[in-house]
Amino acid sequence: MSKVEEMVEIIAVVRMNKMNETKRALSEIGVPAFSAAKVMGRGKGKVDYLLLKGAEAGYDEAISQLGPGPKLFPKRLLIVAVPTKLKDKVIRAIIRVNQTGEPGDGKIFVMPVTNVYRVRTGETDIVALS
Amino acid sequence: MLMIRAIVRPSKASDVMAALMAAGYPAVTKLDVVGRGKQRGMKVGEVTYDEIPKELLFTVVGDKDKDFVVETILKAARTGEKGSFGDGKIFISPVQEVYTVSSGVKEEESSVDDASDIVGAPVAVEKKKEAAQ
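Chains U and C, in that order, are what the protein sequence lines are. Sequential numbering of the first sequence, starting at 0, is according to numbering that gives the first Met the number 0. Sequential numbering of the second sequence, starting at 0, is according to numbering that gives the first Met the number 0.
Hints in this document: simulated from the structure, not taken from any laboratory. Predicted model, so just to flag it, every value in this text is computed and none were measured. The beta-carbon is built from N, C-alpha and C at its ideal position, and this holds for glycine as well. Be careful, since some hints might not be right.
[Said to hold, decoys possible] Keeping only pairs whose Cα atoms sit at most 20 Å apart, straight-line, the calculated EDC-like set for lysine to aspartate or glutamate is:
#	chain 1	residue 1	chain 2	residue 2
1	C	K105	U	D87
2	C	K65	C	D31
3	U	K37	C	D31
4	U	K86	C	E96
5	C	K88	C	E70
[Unchecked claim] Some chain U residues near chain C, calculated using beta-carbon distances under 7 Å:
#	residue
6	I28
7	G29
8	G40
9	V96
10	P102
11	D104
12	I107
One chain only, chain C, in its complex shape:
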C-alpha cells in the first residue's frame, strides 16, 4: 500500500476531492498548510510571500491504483493547459500496515479504498427507498 500526499492550491482542493470521489477513491484527509517551492515564494511588487497557503491532501491506496490516482490528481489540480508554478507536488511513500479503528481489523491490500459499498451516496439511499416501496 502507498500513501499519496498531494500539495495543491486551496482553490483546486475541492476539484481534486470531487475528482477522487468520481474515480472511486472517497477516503481523503485534508490539511491546511503553508509553504514555498522552488520559486522561493511569490514576489508581488516589493513584498515577497514565502508562506503561501496550500492544501495537503492525503490518501492511502493499493500499489496497483497508484498511477491512476496520481493521474486523477494531476488532471484536477493543474491550472491552465500546461499548468503553472504553484500547482503543487505529489509525494508517494510506502505504508506497511493499515488498521480500521471501528473494527480493529488489519486491512489487506485489496480492501483499501474499495468504493463499491458507498452507502452514504444519495443514489444508494434513493435506491433503497424505492426498493422499500
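Bound conformation, chain U alone:
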C-alpha cells in the first residue's frame, strides 16, 4: 500500500475573515482546488482574547459576557487534498496568511488519503489530483 504515502488531506479551521487571503495564497502556490464550509467551533477556551482581557482587568460587563464556558465561534473549514510533496508548502502558506499570533487563529490537521477518483474521467489517485 504505497499509495497511502502519496496523497494527504489537509483539514484546516481558520478565521472567516482570512478566507480571501487564504484562497489567493493557495492559488499562488499552485493549489487552486479545495473545498470550504462554514462551521462553528471552539478551541481551548482562549478564543475571545479581547473579552478575556476585559474580564481579567475586572470589568463586570466583560465577565458577565463570558457565560458558562467558551462559546462557539464561526470559522471556515478548508479541505485540501494534495500530493504529499506539496504538503509542507500548503501548510506553510496557510500558516503564513492566517497567523495573527492571537488565540483563535485555528488548527491544521493532516490526514492520510488512500484513494482519489476524478468523477469526470474516472482517473485515479495521483493523476486525479494533478
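Given chain U's structure and the hints, the job is docking chain C onto it.
Chain C alone, transformed into the frame defined by chain U:
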C-alpha cells in the same frame, strides 16, 4: 492522533458539546449536515424524508484518549435507555500531523486537547480576580 467525527441529532449536539467540555475536551468543531442512514430515511405517512438534518461534530484527540472520548459522546448522544434509530454514528480516522496556526508550531501527541489551561473558564477568571484583590 485521531480525528473523531460524530454525527448526532441536532437536539443532542449541545449535550455532547457540554459533556466533552466537562470531560476536558473543549476543542470541537460543529458542522450542519443532512443525511440518511440504514433505515433509508424516515417515513411519516406517505412522505419519505431522506435528508434528515444532523450535526457533525469533530475533534482531534490523542490515541490513548480515544475510548474515553467515544464513550463520552455515546453516553451524551443516546436517546432513551437503549438508544434509538437516528442517534448517529461515530467515525475515527488517523491524523498524521497537527499544527496550531497562531504559533505555527507542529503539535506533539501529548499537547493535543490538554485542557489544563482553560483560561477562558469563568472559574479561572474569578480566581484571578480574587487573587488580585
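(Q) C/K88 and C/E70 were given as a pair; does the straight-line alpha-carbon distance stay at or below 20 Å? (A) holds (12 Å)
**Q.** Restraint check, 7 Å cut-off on beta carbons, for U/G29 near chain C
**A.** violated (20 Å)
Q. Does U/I107 pass the interface check with chain C, least Cβ-Cβ distance below 7 Å?
A. holds (4 Å)
Q: Report holds or violated for the interface hint on U/P102, using the least CB-CB distance to chain C and a cut-off of 7 Å.
A: Result: holds, 6 Å to nearest chain C Cβ.
Q) Are C/K65 and C/D31 close enough, with their CA atoms no more than 20 Å apart? A) Between C/K65 and C/D31 the Cα gap is close to 23 Å, so the pair fails against 20 Å, i.e. violated.
Q | U/K86 paired with C/E96 [C-alpha distance capped at 20 Å] | A | At roughly 11 Å apart (the allowed maximum being 20 Å), C/E96 and U/K86 satisfy the hint.
Q: Please verify that hint: U/D104, Cβ, nearest Cβ of chain C, below 7 Å or not.
A: holds (4 Å)
Q. Does the alpha-carbon distance linking U/K37 and C/D31 stay inside the 20 Å limit?
A. Measuring from Cα to Cα gives roughly 9 Å; hence the hint holds.
Q: Identify whether the interface hint at U/G40 stands, where standing means a beta carbon of chain C within less than 7 Å of its own.
A: holds (4 Å)
(Q) Please check whether U/V96 passes as an interface residue: C-beta within 7 Å of a C-beta belonging to chain C. (A) At about 9 Å, which exceeds the 7 Å cut-off, the nearest Cβ of chain C leaves the hint on U/V96 violated.
Q. Holds or violated: C/K105 with U/D87, Cα cutoff 20 Å?
A. holds (11 Å)
**Q.** Interface hint status, U/I28 versus chain C (Cβ within 7 Å)
**A.** violated (16 Å)
In this structure, the hints that do not hold are numbers 2, 6, 7, 9, in rising order.
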